[in-house]
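Undergrad: Chains A, B and C, in that order, give the protein sequences. Residue numbers for the first sequence follow my numbering, so the first one is 102 and each next one is one higher. Residue numbers for the second sequence follow my numbering, so the first one is 1016 and each next one is one higher. Residue numbers for the third sequence follow my numbering, so the first one is 5 and each next one is one higher.
Hints are computed from structural coordinates only; laboratory data are not their basis. There may be inaccurate statements among the hints.
Claimed, not checked - Pairwise CB distance ranges, derived in the manner of DEER restraints:
no., chain 1, residue 1, chain 2, residue 2, range
1, C, LEU168, A, GLU297, 57 to 63 Å
2, B, GLU1143, C, PRO125, 29 to 35 Å
3, B, PRO1139, A, LEU207, 56 to 62 Å
Stated by the list, open to error - Residues from chain B that face chain A, not an exhaustive set, calculated with beta carbons under 7 Å:
no., residue
4, ASP1017
5, ALA1088
6, VAL1121
7, ALA1179
Stated by the list, open to error - Here chain B is said to cover these stretches of chain C; the calculated rule only asks that three of the stretch's residues, wherever they fall, bring their Cβ under 8 Å from a Cβ of chain B:
no., stretch
8, 88-101
9, 107-120
10, 136-143
11, 160-166
12, 270-280
Beta carbons: idealized from backbone N, C-alpha and C, even for Gly.
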Amino acid sequence: MLLETRQLSRTFGGVHAVDRVDLAVAAGQAFGLIGPNGAGKTTLINLISGHLRADGGSVLLDGATVTRLAPHALTVRGIARTFQGVRLFKGLTVFDNVLVGRHARLRSDVVRRLVPRRSRADPDRERAMGLLERVGLRRRAGALAGELAYGDQRRLEIARALASEPRVLILDEPAAGMNPSESGRLRELMRALVAEGITIVLIEHDVGLVMGTCERVAVLNFGRKIAEGSPAEVRASAAVREAYLGAEDVA
Amino acid sequence: MDAIADFLATYSTTFAIVGINALLALSVWLTLYAGQLTLGNAAFMAIGAYTSALLGRHLGAPFPLALAAGAVAAAALAAPLGLTVFRLRGVYLAIATLAFGEVVRVILLATPITGRGQGLNGIPPKTELWHIYLSLAVVAYVLWRVQGSIAGRAWAAIREDEVAAASQGIAVRRYKLAAFVLGALLAAWAGGLSAHVTFSIDPNDFAFTKAVQILVFAVVGGIPNVLGPVLGATVFTALPELLRPFKDYRDIFQGAILLAVIIYLPRGIVTLAELRKTRRLAEIGAADVA
Amino acid sequence: MFEQLYNAIFIGSIYALFAVGFALVFSVLDILNLAHPTVFMLGAFAALFAIATLGLPWWLAVPIAFVATGLFGILLDRIAFAPLRRRGAPPLSAMISSLAVTLAVVRVVELRYGGDFITFPAGTVPSFLIHVGGATLEGVRLAIIGLSIALMLVLTYLVRGTALGREIRALAENPRAARILGIDVERAIAATFFISSGLGGLAGVLLAFAYNSLDSRMGLPLELRAFTVMVVGGMGSLPGAVIGAYLLGLGEVASLVYLPAELRDAFAFGLLFLVLIARPQGLLGQRPADRI
């Protein structure tokens, strides 16, 4: 198992936002996380990515406990994420956004910078361009990130996350606000990434996208995991149906 | 040539103050660039001024050493302050540095060795114009080069969105601390230079008003590049000299201009050049100081 | 001993009036109004103007100061904060704009009245002494303590029991939801500033009366105290601010035993720093370290 949570919990003033959740994501897997609004999916991701402190339980990466690590330390270890609602560096260019994403893999260049050099053959800059090419934003490299259309911003965020060469890529509702052709392209991108060996954890409301991309799906409701299994198994689960649609009246 | 020499001689104090204010503005610019508001640089300036003056007077320390000691003293105080405060939200830095500034002023007023309210007089005029401008040139050059470096981009990312920056592998607290401590160093260095130009210092030179003025230089000048704070310092130092009859109203003008800039042109005057290129005021205005 | 306790409660009352306004704006708008110290000073000067220039008695000057500074607070919001709110600027910008206002306003007052300490015209404030168990106490301070407590109670009622109070609390909790629920957000904000600045100005008048002294820079030491009070009590918590204010008052008076008078400020800063290190959320605040 590459990424695991064990009995992970977080309370907000008496409300169990995440309630003893166990997850296990295998390397190279595409793992989906779904659940109604307010189920605790994003809170769970915030716990894993170090943005929120857990009240109980643990997070393991490749067998090592990483629960208390700060977000930047987790990125160095190979966990990258995108944010629900997109958090780009709006005042920076598209290119610089991706370059910042590479921060974890770069060594300090302050001293080197003090002497201006001509040579521009910089593997990191080339890699950044390559990522932009991959998500179809190469032509907009010089634009300010804040100027992009919403769908482009989402793709930029993914490119930025990929710049750190993650082992696990967590995507928080990447398809929100996308039209079908855009989400189709997103699905292809995710498939390609999985084929390259990157593990993906996908949170989505677009249940079709999740079922079509992920090998394994977990369902959260009120902070608890109520189902886990293959897409087919989850789709058939009565508990899941109840969570989304409410308990059916027995006539 | 003579005319230039004469000109320099007459206005040498003004040029000196302009240079020192530019250094101070750059010290605040650095932390603003990382999205942090510090109001303590007047206090760090005071620490640099008093430390270097006292070391020179009582221990006969050579000038560069005295300046360096002042800078180190400021950094030594900035570090624990920063470590405490950068764990918390941004507003706490403003609070802590404002409080720090007041307390430094009060301690200076109360301590005998600093001359209390009378301050220190008869500080030898060791600072030459070239000291100031060499410092300024070096600092401006280094900051300009650092801006385009990995650290510079990290600071910009923190300014734009701290939460996202952390997820890119940026150790946010460490970078904020670095900007803050470096800023303190710079302010103290400028303070040391300043003390040896103005011959006398007293605690009220480094009060709240000073801290806000330094902020005015940096914010009004502009955040996008090092030219901004230098420009801001020059304009705001030179203008009162030229408009002597209005000198009393300087603070009022500065306050009004700062208010106008932060509301309508938050990235400062240097963005006016961008404005001509792109004609998109709202955009430049929207990509904010922090 | 009793006298010192009395003074501690008196100064705590002043701090409370001042800090509560500060905390109110912070809790509702999530911004640090760094121009709050100016209303403290303006309150005192408004009273001075009413008494010395308009020849009004002190008991009229006090409500006038309250209203004048309350209105100034609304004006302050209009010019320094509202435009930033409209374009969604970060809190840092609001801090800078309030600093700008402070710089200008303090200077204006200084130019008009000079930089030195001013006293009220003789006989402005009826001075009377109270003799309690061997101690001689200034009567004015007792009146101030009483007035402060009364105002705290009124504020509590306002916030908890009135429609306006509900609107303000809703705004503090969730501005977007408040708007959707039909609350006139701008009106609630204006009311918030009126109350906050009015109380701050009142604190200024009362302190000026008690010490019979005012000057253009009297707000700044209060600012430091207000920070300490807010941090000790918990940022944005009104009851926390009140508790913190009295704690600080007691602490300062007690520390005078050990510290020379000029270093009183150092106590406030020391306490501030200590709380930031040990328990940044203060007494009644929320856990600070969570980021998203």
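Undergrad: Now tell me if each hint is right for this structure.
TA: How the hints compare with the structure:
1. LEU168(C) x GLU297(A): 57 to 63 Å: Given about 59 Å between the Cβ atoms, the range holds.
2. GLU1143(B) x PRO125(C): 29 to 35 Å: violated, 53 Å
3. PRO1139(B) x LEU207(A): 56 to 62 Å: violated, 47 Å
4. ASP1017: violated, 37 Å
5. ALA1088: The hint is violated - ALA1088(B) has no Cβ within 7 Å of chain A, the shortest such distance being about 24 Å.
6. VAL1121: violated, 36 Å
7. ALA1179: Holds: closest Cβ of chain A sits about 4 Å from ALA1179(B), inside 7 Å.
8. 88-101: holds (count 10)
9. 107-120: holds (count 7)
10. 136-143: It is violated, with 0 qualifying residues against the three required.
11. 160-166: Three-residue rule not met by the stretch 160-166 of chain C, so violated; n is 0.
12. 270-280: Coverage by chain B holds here, the residue count being 6 at a Cβ distance below 8 Å.
The structure fails hints 2, 3, 4, 5, 6, 10 and 11 (numbered hints given earlier, in ascending order).
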